[in-house]
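Participant: If you're matching them up, the sequences are chains A and B in order.
For the first sequence, this note's numbering gives the first residue as 4, with consecutive numbering after it.
For the second sequence, this note's numbering gives the first residue as 4, with consecutive numbering after it.
There's no promise every hint is true.
Stated by the list, open to error - Pairs of lysine-lysine, BS3-like flavour, derived with a Cα cap of 25 Å:
id: 1; chain 1: A; residue 1: K94; chain 2: A; residue 2: K38
id: 2; chain 1: B; residue 1: K109; chain 2: B; residue 2: K123
id: 3; chain 1: A; residue 1: K266; chain 2: B; residue 2: K240
id: 4; chain 1: A; residue 1: K124; chain 2: A; residue 2: K141
id: 5; chain 1: B; residue 1: K109; chain 2: B; residue 2: K28
id: 6; chain 1: A; residue 1: K152; chain 2: B; residue 2: K123
Unchecked claim - Label pairs and their computed distance ranges (CB to CB):
id: 7; chain 1: B; residue 1: P144; chain 2: A; residue 2: T288; range: 37 to 47 Å
id: 8; chain 1: A; residue 1: G265; chain 2: B; residue 2: E309; range: 15 to 25 Å
id: 9; chain 1: B; residue 1: E202; chain 2: A; residue 2: G278; range: 19 to 29 Å
id: 10; chain 1: A; residue 1: G278; chain 2: B; residue 2: R307; range: 42 to 52 Å
id: 11; chain 1: B; residue 1: A129; chain 2: A; residue 2: L19; range: 52 to 62 Å
Quick caveat, the hints were computed from the structure, so don't treat them as lab data.
Source: prediction; values computed, not measured.
All residues carry an ideal CB built from backbone N, CA and C; glycine is no exception.
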Amino acid sequence: MNALLEVKGLHVDIPLEAGVLHAVRNVDIAVERGKTLALVGESGCGKSLSVLSIMDLLPSKAAWTADSIFFDGQNLEQVTAGQMADIRGSKIAMIFQEPMTSLNPCYTIGNQLEEALLRHKSVSRQAAQDRAVFLLEKVGITAATSRLKQYPHQLSGGLRQRVMIAMGLMCDPPLIIADEPTTALDVTIQAQILALLASIQEEFDMGMILITHDLGVVARIADTVNIMYCGQVVESGEANDLFETPLHPYTQGLLRCIPIPGKTNPGSHLGSIPGMVPTPIGDQTGCVFQNRCDYVFAGCMTTAVEQTAVASGRTYRCLLSPEKCKKNIKQA
Amino acid sequence: MTTALLQTEDVTKVYKISTGIFKGKQSLTAANGINLDVNEGEVMGLVGESGCGKSTVAKIILGLEKATSGNVIFAGAPIAGMDRQEMSRRIQPIFQDPYSSLNPRKSIEAIVSLPYRVHKVGDKRAMQVRVAEILETVGLPARMRYSYPNQLSGGQRQRVAIARALMMSPELVICDEPTSALDVSVQSQILNLLLDLQEQQGLTYLVITHNLCVVEHIATRVAVMYLGRIVEEAETKALFANPRHPYTHALLASVLTPEPQLGLPETHLGIAYPNPIDPPSGCTFHPRCPQATDVCKQARPETRVEAGHLVECHHPH
């Protein structure tokens, strides 16, 4: 099947006084219509910058390059700034992390919702308002018509996040990017917002990129997963398979860190990943995970580790053979 | 039975909130008759959604807020009559965000040694020895005493916050969301550290969090708060195995564990968290409760205790 968005060999570099910071290195991203791709990783691993470069919204100092980047058959490398502005919001929408700061406090909800549609499509104000009411109801907000006149500070966090989602859907985009959509929310609301995103995605047949650091969220909602570490994708594959048999030592370590009610023994020591993420400034020799890996050997220091495919769509970035990696899960 | 180190007796906190220039003030009941017993050497988990009053309870215990009514009794004596310095030596907090709880202009040594200087315990030499000791206890290299917070990672900062809290060997440590600002791999390190310290030094923790996985892992007892009331309290095992309040049910169902075959849970909770200025009649949970009946709308449920399992519901499981 043809991917909706296909990015190959994405690099993001930020020149600093201390040297060039390679925030994203050789990342491949592919999303199909109606499917969810999750980008997972700890803070600073480059997951947000990857999607910002797709949207061409990087900070002015940062520069991105890619071997190829195709969205809906269109080469995004060749579009002008004006064309990109047409794509943003209407073809690719983004839901940002903080509903508290990403809404403008000076405009009403209605104003902000209608803006996207009025900018991209030639519709009347009334039609835009109808669409806004329709979507607010869709995302589970009651008394939608009266909400249009409210300002963001009059809404709770959960409601604001719903408004953000509705705003993303205004132009019926084929691709939606959600950057930590539920991090700022309570657990009970989180489950509802995720269920809402999943049902809307199915209904409108959208592709979705979900950025998060919460493996629990990923496991429940994603179809495919990219695990990122220090600017690289260290493991990718179908969600079920990846959580069943994680290959990369980093993924295995992450899964051991999480206490699971009923599975981990309360009060016992949780697994942890010792050490710290290496600085992404300058060139790396060898594996990025070498300083924190339990199974490190001499080859890891010198050999550049390539992405290896085990099956179609299932890759990992480690010098150990898949069989050895699988054995490591059992030992732990 | 072990003795209760901390007891709160019907602690209530009412804030007066301004609603507009001509409208006068309305009252918001943040904590409504909280009875909490924390035994020595216990880890008590306090869970609930944002706005349920769990941080207010922590502030009252720390003496940062005065309760409108009710008493907090610490080691047999009411804290209202206790000396502030004395209290701050025995009860210490660890806050949520290590990025804002450390002064960026002070070195780690200055931050960690502040309690020592406030209490005027010893001379400079003794202080330096103690700082070195406590940094080692929390797993930070000794050279870090000269660093500043901006040179440290999130996990290291949280270790500094823990070191500061433990400087005067307190009896009770109040951890307000100790790991929610941290990455998962760091979260597990901090949880391991908290558990180790509790074992070594016989500490008592009150852990306030919304992360039920964390609570299940480290707490021995759990209290669930909803709109200023404790609606259920039990031993951790009993609570997770047999939750009796429908709200606890919903909370437990919303926990997302990395098990892809399970899919997304359906909590049956409406979206709207009620306005605490104008709380619902009867049982405050009834507008969101899937099992609510007419009784729930009219009468406030009584607190029932069966075999150490407290629940406040008309129709418990």
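Participant: Against this structure, judge whether each hint is valid.
Facilitator: Now for the hints, and whether the structure bears them out:
1. Of the supplied pair hints, the one linking K94/A and K38/A holds, its CA atoms being roughly 16 Å apart against a limit of 25 Å.
2. A distance of roughly 19 Å separates the Cα atoms of K109/B and K123/B; the hinted pair therefore holds under the 25 Å criterion.
3. A hinted pair counts as satisfied when its Cα atoms are at most 25 Å apart, and K266/A with K240/B qualifies at roughly 13 Å.
4. A hinted pair counts as satisfied when its Cα atoms are at most 25 Å apart, and K124/A with K141/A qualifies at roughly 21 Å.
5. A C-alpha spacing of about 40 Å is found between K109/B and K28/B, which places the hinted pair above 25 Å, so the restraint is violated.
6. With a CA separation close to 58 Å, the supplied pair K152/A and K123/B exceeds the 25 Å bound.
7. For the hinted restraint 37 to 47 Å between P144/B and T288/A, the CB-CB distance of approximately 26 Å leaves it violated.
8. The given range of 15 to 25 Å is respected by G265/A and E309/B, whose C-beta atoms sit roughly 23 Å from each other.
9. Evaluation of the 19 to 29 Å hint for E202/B and G278/A yields a pass: the beta carbon distance comes to about 24 Å.
10. For the pair G278/A and R307/B, the supplied restraint of 42 to 52 Å holds, since their beta-carbon distance comes to about 50 Å.
11. Taken as a hint, the range 52 to 62 Å is violated for the pair A129/B and L19/A, whose Cβ atoms sit roughly 43 Å apart.
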